[in-house]
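> So the chains spell out like this:
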Amino acid sequence: MPAPSYGLIATFETTAEVMHAAETVRDQGYKFWDVISPFPIHGMDRAMGMRRSKVPQVSFLGGLAGFTTGMSLIWWTGASNYKLIVGGKPYFSPMFAFPVSYELTILFTAFATIIGMFLFNRLPMHYHPVLNYEKFHRGTNDRFFIVIETRDPRFDPAATRALLEQIGGREITELED
Amino acid sequence: MSTPTASVSTAPVGAFPVAPGATKALMLGLAGIGLTALGLFLPGNTASVALSWLIGLVFWIGVALGMLLLVMIHHLFDANWSVLLRRQYEHWLSSLPWLALLFVPLIFVAWTNPTLIWKWMDPHFDLAQVGGHGTVGDDVLWAKKSGFLSIKVFTLVTAVSFAVWIALARIFRRNSFAQDSDGDVRWTISSHKWSAGGIPLMAVTLTLCVILWVKSLDYHWFSTMYGVWYFAGCVRAALSVGAIMLIWLWVRGDFKGILNDNHLHSIGQLMFAFTVFWAYVTFSQYFLIWNANVPEETFWYNLREHGDWLWVGMVLLFGHFLAPFLTLIHYPVKINKKLLPVVAAFIALIVLLDICYNVMPAKKLPNGDPYPFLQGGLIWTLTSVVGIGGICVWAYLKSFATTKLIPIRDPRIGECLTYHQPHAD
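Residue numbers (our numbering), protein chains in the order written: chain X, 582 to 758; chain Z, 649 to 1073.
It is worth saying that the hints were derived from the structure and are not from the lab. Any given hint might turn out to be false.
Unchecked claim - Counterexamples of contact, computed for chain Z against chain X with all Cβ distances above 10 Å:
#1 A685
#2 L688
#3 V778
#4 G779
#5 G782
#6 A791
#7 A811
#8 V862
#9 M873
#10 Y934
#11 N941
#12 V942
#13 I977
#14 K985
Claimed, not checked - Estimated spans, in silico, between C-beta atoms of each pair:
#15 Z/V990 - X/I696: 18 to 26 Å
#16 Z/E953 - X/S653: 26 to 34 Å
#17 X/F620 - Z/P848: 33 to 41 Å
#18 Z/P848 - X/H707: 23 to 31 Å
#19 X/K635 - Z/L965: 49 to 57 Å
#20 Z/P848 - X/L704: 41 to 49 Å
#21 Z/W938 - X/M631: 44 to 52 Å
#22 Z/E953 - X/T658: 25 to 33 Å
#23 X/H707 - Z/Y928: 36 to 44 Å
#24 X/M631 - Z/P1020: 54 to 62 Å
#25 Z/V990 - X/P705: 43 to 51 Å
Where is the CB? At the ideal position from N, CA and C, for every residue including glycine.
Take these sequences, add in the hints, and give me the full structure.
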């Protein structure tokens, strides 16, 4: 029984080629596809039609959680659970709770950013089907690839292959999942 | 990547003349200054006018110093994206000699009418007039500080500081404008070196000046954060004016094909960062004084919780920090050419209010309470700010018309024009 197909991979030789190809794939309405390049290509995110990362929203929530934690921690320990007068100050004041809340805002924002980045990137990822491609190592050196996945609703074995050929893709190969 | 330099207009800015605008700015400036001067002839307004003039100067000098600092920071980081912003700042720096000239009346006041603004300038001043007792000369807190708080030191520090600022501004302007014609990289290297030396000079002169000009209005007070507070205000005002200049040039058409979203994103990020920095510094100052609870320090804030000053303080807390923080944190706001100038103008206005908050309560009633914020004398603050601002804008536009729109031969201009950050929306 043949292994189920992951998608089609096509090779490109220059950044300009792969960039224009990506624009066409984007305009064709594909959703589950990717570009593989040995280095970051300025403008590729736009050419791929990628939306802005959602990580900042997770960061913001983390910061909010940190600030709330700091404030409630100081309030609960000093003014609720075990009332204690320190230095003639009130049991609770946002003044002296602020440095703690500020630090926790930063700490929780950092944690949330890292965790959000891992979640949205689905990291850690120990296996990826494109690693099965015997010429994949060129994609870490001097070649560029476009991979279109079979799970894309617009994927059609013949039409997608034709599209990849039409936009200049070479060595179009089927990837095993 | 392709270099779109070919499509960039390198023509002098003659296509969009700025001369009429410059004349208007000059007229507005002179009108403001004239109206402020008229205030001197209205009985009982002298002290109000003098303090207002100080506020106007501290604000606009702050804008210029913030720009000078940002130019030096640009050179120290060998930054690329800010090359086109730097050129606009260089133009604005031509206002510094005029600001020095406009400061002369205050030096004149110091020598001829020493108690008008800074009470410590006259050791015989009777503190009973402002809610104290004895004279300034009897006051141990002045006696201990008298080596620094003297009219001679005041004059000397002001003169030397202006000399340093004007000299640095001239060097950066010359280096940048000379490079337009010969493209020699030695101008850039010279600017790097002068920036490295200039930053510590700026730190010292800016701190000493704001201590003498503003902090010494309540000479009992102690705060080691004061210079940093002014620095934060200077940079925030300079970034705000910078953002407005960039978008103004884009709307006029000069920056079509030059200014991109990434430039705006970067200046928006700096505006956001300095919002947090200002809050950090201002809160630190307040928190340490609140925590130590020493009368020689707390009185400064007690004055500012009196009457409507409490509300001014609240406006600063929410308007100077929270509102810009929650607005600028969003990426789409930073690159919005309609919204960013509004946020920038708002920040600049609040920097001005912050200076009012620091200066105005120094004018006290005989029982020691400050005059309220909302009072007739506020009109002189308006005329001073408009007057001095008009002169600054005139100086900027006059310099703007003399050179290229962008530093066309700067080693980093290519990177600046193709400035890119990974993003999409």
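> Work down the list of hints and note, for each, if the structure agrees.
Comparing the hints with the structure gives:
{"no.": "1", "hint": "A685", "verdict": "holds (44 Å)"}
{"no.": "2", "hint": "L688", "verdict": "holds (42 Å)"}
{"no.": "3", "hint": "V778", "verdict": "holds (29 Å)"}
{"no.": "4", "hint": "G779", "verdict": "holds (26 Å)"}
{"no.": "5", "hint": "G782", "verdict": "holds (30 Å)"}
{"no.": "6", "hint": "A791", "verdict": "holds (31 Å)"}
{"no.": "7", "hint": "A811", "verdict": "holds (40 Å)"}
{"no.": "8", "hint": "V862", "verdict": "holds (24 Å)"}
{"no.": "9", "hint": "M873", "verdict": "holds (15 Å)"}
{"no.": "10", "hint": "Y934", "verdict": "violated (8 Å)"}
{"no.": "11", "hint": "N941", "verdict": "violated (7 Å)"}
{"no.": "12", "hint": "V942", "verdict": "holds (13 Å)"}
{"no.": "13", "hint": "I977", "verdict": "violated (7 Å)"}
{"no.": "14", "hint": "K985", "verdict": "holds (18 Å)"}
{"no.": "15", "hint": "Z/V990 - X/I696: 18 to 26 Å", "verdict": "violated (35 Å)"}
{"no.": "16", "hint": "Z/E953 - X/S653: 26 to 34 Å", "verdict": "holds (27 Å)"}
{"no.": "17", "hint": "X/F620 - Z/P848: 33 to 41 Å", "verdict": "holds (39 Å)"}
{"no.": "18", "hint": "Z/P848 - X/H707: 23 to 31 Å", "verdict": "violated (52 Å)"}
{"no.": "19", "hint": "X/K635 - Z/L965: 49 to 57 Å", "verdict": "violated (31 Å)"}
{"no.": "20", "hint": "Z/P848 - X/L704: 41 to 49 Å", "verdict": "holds (44 Å)"}
{"no.": "21", "hint": "Z/W938 - X/M631: 44 to 52 Å", "verdict": "holds (48 Å)"}
{"no.": "22", "hint": "Z/E953 - X/T658: 25 to 33 Å", "verdict": "holds (29 Å)"}
{"no.": "23", "hint": "X/H707 - Z/Y928: 36 to 44 Å", "verdict": "holds (42 Å)"}
{"no.": "24", "hint": "X/M631 - Z/P1020: 54 to 62 Å", "verdict": "holds (55 Å)"}
{"no.": "25", "hint": "Z/V990 - X/P705: 43 to 51 Å", "verdict": "holds (44 Å)"}
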